[in-house]
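Visitor: We have chain A already, so just place chain B on it with the hints.
This is what each chain is made of:
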Amino acid sequence: MPQKFILLVEDNPDDEALTMRALSKHNVANGVVVARDGAEAIDFLFGAGAHAGRDTTDLPQIVLLDLKLPKLDGFEVLRRIRADERTRTLPVVILTSSKEERDVAQGYRDGCNSYVRKPVNFDEFVDAARQLGMYWLLLNEGPPRSP
Amino acid sequence: MASSRSGAHPESEGKVGGGTITRAALIFLPLAAAAVAASYLLYASQANAVRATAQATDIRIADIASQRIALTVASLKADASYLSEQDALRSYLAGDDATSLRRLQAEYVAFVRHRQFFARLRLIDMGGQEIVRVDRQGDAAAPVPPSGLQNRADELHAQEALKLHRGQIHVSELELNTEDGAIEQPAKPTIRVGAPVFDDTGAKRGIIVIDYLGQRLLDRVSELRDAVADIWLINSQGYWLLGPKDDVFAFMYPDGKDRTFAAGYPDVWRQMQNAPAGKVETGVGRFTFSRADAETAAGGSPSPSWFVLIPTPHAFSDAQTSDLKFNFAIASAGLLALLGVVSLGLARHQVHRREAEQLVRLSEARYRAVTETASDAIISADRHGSIRYFNPGAERIFGHPEKDMIGQPLTKLMPERFRQPHTEGIQRYVDTREPKVVGETVKLTGLHKDGREFPIELALASSDVDGELFFTAIVRDITVRAEAERRLRASQAEIEGLNRRLQLDNAELEAVNKELEAFSYSVSHDLRAPLRAIDGFSQALVEDAGPMLKAEHHAHLNRVRQAAQRMGLLIDDLIKLARVTRTDVNIGDVDLSEIALAIATGLQDTAPERQADFMIAPGLHAKGDPRLMQVALDNLLSNSWKFTAPRSPAKIEFGRTMVDGKPAFFVRDNGVGFDMTYAGKMFGAFQRFHDAREFAGTGIGLATVQRIIHKHGGRVWGESQPGQGAVFYFTL
Chain A
1 MPQKFILLVE DNPDDEALTM RALSKHNVAN GVVVARDGAE AIDFLFGAGA HAGRDTTDLP
61 QIVLLDLKLP KLDGFEVLRR IRADERTRTL PVVILTSSKE ERDVAQGYRD GCNSYVRKPV
121 NFDEFVDAAR QLGMYWLLLN EGPPRSP
Chain B
148 MASSRSGAHP ESEGKVGGGT ITRAALIFLP LAAAAVAASY LLYASQANAV RATAQATDIR
208 IADIASQRIA LTVASLKADA SYLSEQDALR SYLAGDDATS LRRLQAEYVA FVRHRQFFAR
268 LRLIDMGGQE IVRVDRQGDA AAPVPPSGLQ NRADELHAQE ALKLHRGQIH VSELELNTED
328 GAIEQPAKPT IRVGAPVFDD TGAKRGIIVI DYLGQRLLDR VSELRDAVAD IWLINSQGYW
388 LLGPKDDVFA FMYPDGKDRT FAAGYPDVWR QMQNAPAGKV ETGVGRFTFS RADAETAAGG
448 SPSPSWFVLI PTPHAFSDAQ TSDLKFNFAI ASAGLLALLG VVSLGLARHQ VHRREAEQLV
508 RLSEARYRAV TETASDAIIS ADRHGSIRYF NPGAERIFGH PEKDMIGQPL TKLMPERFRQ
568 PHTEGIQRYV DTREPKVVGE TVKLTGLHKD GREFPIELAL ASSDVDGELF FTAIVRDITV
628 RAEAERRLRA SQAEIEGLNR RLQLDNAELE AVNKELEAFS YSVSHDLRAP LRAIDGFSQA
688 LVEDAGPMLK AEHHAHLNRV RQAAQRMGLL IDDLIKLARV TRTDVNIGDV DLSEIALAIA
748 TGLQDTAPER QADFMIAPGL HAKGDPRLMQ VALDNLLSNS WKFTAPRSPA KIEFGRTMVD
808 GKPAFFVRDN GVGFDMTYAG KMFGAFQRFH DAREFAGTGI GLATVQRIIH KHGGRVWGES
868 QPGQGAVFYF TL
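Residue numbers (this note's numbering), protein chains in the order written: chain A, 1 to 147; chain B, 148 to 879.
Mixed in with the good hints, there may be bad ones.
As the list claims (entries may be wrong) - Examples of chain B residues toward chain A, derived with CB under 7 Å:
| no. | residue |
| --- | --- |
| 1 | Ser-671 |
| 2 | Leu-678 |
| 3 | Gly-683 |
These are calculated hints, taken from the structure and not from any lab test. Here a beta-carbon is modelled for each residue, glycine too, at the ideal position from N, C-alpha and C.
The shape of chain A in the complex, shown without the other chains:
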């Protein structure tokens, strides 16, 4: 039985570290896979590139997706996730700096499950991470996995 994990798609190492730190405060950091750009996230999910041969049925419990990413941006990643049968139901939470209305609207249009803005205040960030982990990893009943 594969362990529950989170796929964090984040290109900024500072944000990655802070996110990991925030998550770790609630003991969910262990199960975090980090993809540092959009392409890597896609490769990971669909077992391509550096992740060729990975068991693609082993999907994360949740994808925390930044929007501003090198190569493929967050929206493109989201669209590909939703376009593929295997990941169509995968929960995706956009976790980004922007709360531009058009970005929020675009995110929901492309099928994100949640849109969370990263607060500047780290205390708030920690709180947001706690709530995210609590909700998506513990509270939420994810979609049934295909065998």
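Guide: Frame of chain A, contents of chain B only:
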């Protein structure tokens, strides 16, 4: 034009106006008077002719009547004369025997039977005794037997006749026959004619007396009555023999002596004495008379004479002319009616003509007024280009007085170089009538008297007056306009240049806007990441190395974090302001009360422990952009919320009031207020009135509110005193 024409025609066609009636009366009355006068004169002359004819008739009838009387009397006298010398009478006088008497009687019977109007024929001796007497009885005649013979010596006629000499004959008056002193009934008018009888020895032996039936004479006169009004017969004493029924033979009656014509008409009677015939006009009518004399021999007893008198009363004369009068009256009435109709027709024609003339005069006056006062030059020329009319406008524009220009060629008003083409153009039009300039407005060059050339605008019209071609030009000096047009073109060019620049600027602005948008997007994304790092790692340091750090280090790290967080807020607000700035305003109906209530609820939720009274006036709507109004109200109410933090309870009010007669919305609080000295700066970005330690804030909120209100074309201002609360008003 249309209105003035209709004003000159207040009467519609076919309707007779008051003016027409008056005019018709003016025409009709003299015509009618003349017609009536002429008619009357004609009538009068006709009536005169009728009257003259009537008079002539009267005279002729009177003559005829008197002639008939005279002839009758003459005939009687001839008979008497014959009888007085008859053989049988001579034989009787010579023999005086029964045989000769019978023979004489037989002769007399035959004679009386033969003379139908002899009533009686007698021989009377000198003693007045009747010797032979034959009386008419109807158609027969018979001698009276000796026993019936009477003595007539006491009778006037017998007495007069017995006095006669040879050759003399007595004619009696026309009287009613009397028998034995009484008037014989029925009345029998009689004239007695007597002649003396002499025997062979020349001795007077008696008289022959004929009783003539006077009725015959009266009838012969009366039968002429048909041709005249009446016919009377009057004897020399003035008594009627023929005339008013009760008055005839009045002298025969004891009570009738006074009933004479002479008494009734003394004037007429007097005049009748002076002439054998004539007429007398009186107040009651005309009397025409003619006298008939018995003309007995001179020296005899007075002979009777009679007047035939034709009385023609005015009424009779008038009756003769009354038909004429009636006919003339009818004819006059017809003529007057005809004249009336003709007058009405003439009047209408005149009125119409006068109106038409008025229109023409009005048109002329208008034309004159226009041409004399026109600021444009109006010049007429004939087909040879010779000027015939030059108005004051032309004098002003070209500088030539009118008197100098009449008869001058038009070319004098244009520069030398245009004269030849002009003359050719006129000639061409005269020849072909193909308009090139005629009927058009063209721009040309005029020549002023002082030699100056100036731009003109010319409209040329041609007209045909009695077969002669004229040109009329309306010339406008467009120096000023040309200059204006030149300037306009220059400014248009300038404007075009400006427009081009504006377009460029716009494009540039658009590019800048795009850049700005990209910038703010980038700012919101990229500037926050380092802040998060600063804040996050400062905290990480505190957490990880906390025990090793002194309190002073903690404080420093805390400041680092606060600065980072504050910058995060600044970035957020700046992004909001930028978003407001570039957002298009979509005007719709906004329920401000509802928005304010939602915001108030949200604010209370952020600090449930605070005592705050929100007073939101219900149902306040406005025209505005719902999203922008949401932002504006959010800023204002949040400010109030923030600055009422020290108050318990806080009072925050949203409502509407009138300011300078216009509705204005307001947000009022009982917060700490602000110093009005700096009110002008309040709406600038990053302007803060309060210590950041006391009240958090970026100083961008009111700038955002102002930007939004200005985008709505409204006004926003605040009023306050420190510690006394604040009111922010805005209009939309």
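Visitor: If a hint holds in the structure, say so; if it does not, say that too.
Guide: Okay, the hints, checked on the actual structure:
At its closest, the beta carbon of Ser-671 of chain B sits 5 Å from a beta carbon of chain A; the interface hint therefore holds under the 7 Å criterion. For Leu-678 of chain B, the interface hint holds, the least distance from its beta-carbon to any beta-carbon of chain A being 5 Å, beneath 7 Å. At about 4 Å, the closest approach between the beta carbon of Gly-683 of chain B and any beta carbon in chain A falls short of 7 Å, and the interface hint on this residue holds.
Consistency with the previously given hints is maintained throughout, with no hint failing.
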